[in-house]
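Take these sequences, add in the hints, and give me the full structure.
Chains as they are written, first to last, in my numbering: chain H, 1 to 103; chain P, 1 to 103; chain V, 1 to 103; chain U, 1 to 103.
These are computed hints drawn from the structure, not numbers from a lab. Be careful, since some hints might not be right.
With a straight-line Cα cutoff of 25 angstroms, these simulated PhoX-like cross-link-like pairs (lysine-lysine) come out [what the hints assert, rightly or not]:
id : chain 1 : residue 1 : chain 2 : residue 2
1  : P       : K83       : H       : K14
2  : P       : K83       : H       : K83
3  : H       : K20       : P       : K83
4  : H       : K83       : P       : K20
5  : U       : K20       : V       : K97
6  : V       : K36       : U       : K97
7  : P       : K83       : U       : K20
Have a look at the derived ranges for each label pair, beta carbon to beta carbon [claimed, not checked]:
id : chain 1 : residue 1 : chain 2 : residue 2 : range
8  : V       : K33       : P       : T86       : 44 to 52 angstroms
9  : H       : T15       : V       : G88       : 30 to 38 angstroms
10 : V       : L50       : U       : R59       : 27 to 35 angstroms
11 : V       : K14       : P       : D82       : 30 to 38 angstroms
12 : P       : E67       : U       : Q84       : 19 to 27 angstroms
13 : H       : V35       : V       : Q95       : 39 to 47 angstroms
14 : U       : T15       : P       : K83       : 20 to 28 angstroms
Covered stretches of chain V (in silico footprint by chain H; criterion: 3 or more residues with CB under 8 angstroms from a CB of chain H, positions within the stretch not fixed) [unchecked claim]:
id : stretch
15 : 21-35
16 : 47-60
17 : 66-73
Glycine included, every Cβ here is placed at the ideal spot set by N, Cα and C.
4 protein chains.
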Amino acid sequence: MAVMEISVIPLGTKTPSVSKHVAKALDVLKNEKDVKYQLTPMGTIVEGDLEKLLSIARRMHESVFNEVLRVVTTIKIDDRRDKQLTMGSKVRSLQEKIQTGSE
Amino acid sequence: MAVMEISVIPLGTKTPSVSKHVAKALDVLKNEKDVKYQLTPMGTIVEGDLEKLLSIARRMHESVFNEVLRVVTTIKIDDRRDKQLTMGSKVRSLQEKIQTGSE
Amino acid sequence: MAVMEISVIPLGTKTPSVSKHVAKALDVLKNEKDVKYQLTPMGTIVEGDLEKLLSIARRMHESVFNEVLRVVTTIKIDDRRDKQLTMGSKVRSLQEKIQTGSE
Amino acid sequence: MAVMEISVIPLGTKTPSVSKHVAKALDVLKNEKDVKYQLTPMGTIVEGDLEKLLSIARRMHESVFNEVLRVVTTIKIDDRRDKQLTMGSKVRSLQEKIQTGSE
Numbered sequence: 001m002a003v004m005e006i007s008v009i010p011l012g013t014k015t016p017s018v019s020k021h022v023a024k025a026l027d028v029l030k031n032e033k034d035v036k037y038q039l040t041p042m043g044t045i046v047e048g049d050l051e052k053l054l055s056i057a058r059r060m061h062e063s064v065f066n067e068v069l070r071v072v073t074t075i076k077i078d079d080r081r082d083k084q085l086t087m088g089s090k091v092r093s094l095q096e097k098i099q100t101g102s103e
Numbered sequence: 001m002a003v004m005e006i007s008v009i010p011l012g013t014k015t016p017s018v019s020k021h022v023a024k025a026l027d028v029l030k031n032e033k034d035v036k037y038q039l040t041p042m043g044t045i046v047e048g049d050l051e052k053l054l055s056i057a058r059r060m061h062e063s064v065f066n067e068v069l070r071v072v073t074t075i076k077i078d079d080r081r082d083k084q085l086t087m088g089s090k091v092r093s094l095q096e097k098i099q100t101g102s103e
Numbered sequence: 001m002a003v004m005e006i007s008v009i010p011l012g013t014k015t016p017s018v019s020k021h022v023a024k025a026l027d028v029l030k031n032e033k034d035v036k037y038q039l040t041p042m043g044t045i046v047e048g049d050l051e052k053l054l055s056i057a058r059r060m061h062e063s064v065f066n067e068v069l070r071v072v073t074t075i076k077i078d079d080r081r082d083k084q085l086t087m088g089s090k091v092r093s094l095q096e097k098i099q100t101g102s103e
Numbered sequence: 001m002a003v004m005e006i007s008v009i010p011l012g013t014k015t016p017s018v019s020k021h022v023a024k025a026l027d028v029l030k031n032e033k034d035v036k037y038q039l040t041p042m043g044t045i046v047e048g049d050l051e052k053l054l055s056i057a058r059r060m061h062e063s064v065f066n067e068v069l070r071v072v073t074t075i076k077i078d079d080r081r082d083k084q085l086t087m088g089s090k091v092r093s094l095q096e097k098i099q100t101g102s103e
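Have a look at this one:
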């Protein structure tokens, strides 16, 4: 299991507002079964196995093209093989360190 | 006002667990007055003016070096000048488009 | 045709030197037929169709795991559908604008 | 000394061609004294000390706003403190590993 962050940026959109185009990419996730994701102010975070994450990324990227001619998509994958990595475990692990200040 | 996402990655940390190092960077934010930020599974999102955001980014990056010798920091800044961009407004704008399906 | 930039970062590598691990990812590209790529100080840039680029990205990411337990891979795809985008055309287009200062 | 990659993306540019806007950011670099940089198909790579790199990043980002209202800028900084990191040394170190296949 890996955690992916994806952000799609449509170029040449007439106005600086791009949310209606980005919403198309999120529709792909909404229609996906059994996928856990989280919307942030700077992108979308999804957890799943690598193959599935990349398939989702490809379809999210494609979905933006119905009205725009150029899309820049950034994908970051955090993949750890010695223990289960989830969106929840990543944040919890960090919050414990911040609160206790322990090493 | 702009919105920044920052992620610090310490290299050469002996184990694949890096949260104790990343926690140092978050301490910088905790000690910052009047800065709104949000922790996500893939980074930290901060809103503020450009000058302040870059100053925070520099100090977060530096803070990780007390125990590690190499840090790769990724910063993404979304800066819009025709209207106020906030972490909240970005997510709300997107959620409206998804729910209504309107353009 | 799209242009992709990919960067693989192995975590928990004991020393801050990671080039021997990153070299594994580049071996994937070397063994690929008919793929044009360029090594930069911050990643690798590849041109090709979207499907192929994501397949290469997946294999480059996987290749780093033989000795490390965690890999953070960043992929950026610039995909334009109204005209052919290549590594060469992108740089040329920019250099013309810089030299002439024309709009 | 650190190595930075920066990419500026103007939004709402009416056409998918953005090179004339990106060229403004490169003018900032051209006018900078004693800064080593390299143009790639996906961004610009600069080497220097952290403070200077972030100052350059801020000015490159700002320079794009004279005609556009929204800019998304991505900055990646690779900073190593146990030895001198340069654009040249990073690529050379990698090429040695690929050619010899040594570990």
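| query | Looking back at the hints listed earlier, which ones does the structure fail to meet? | reply | 2, 11 and 15
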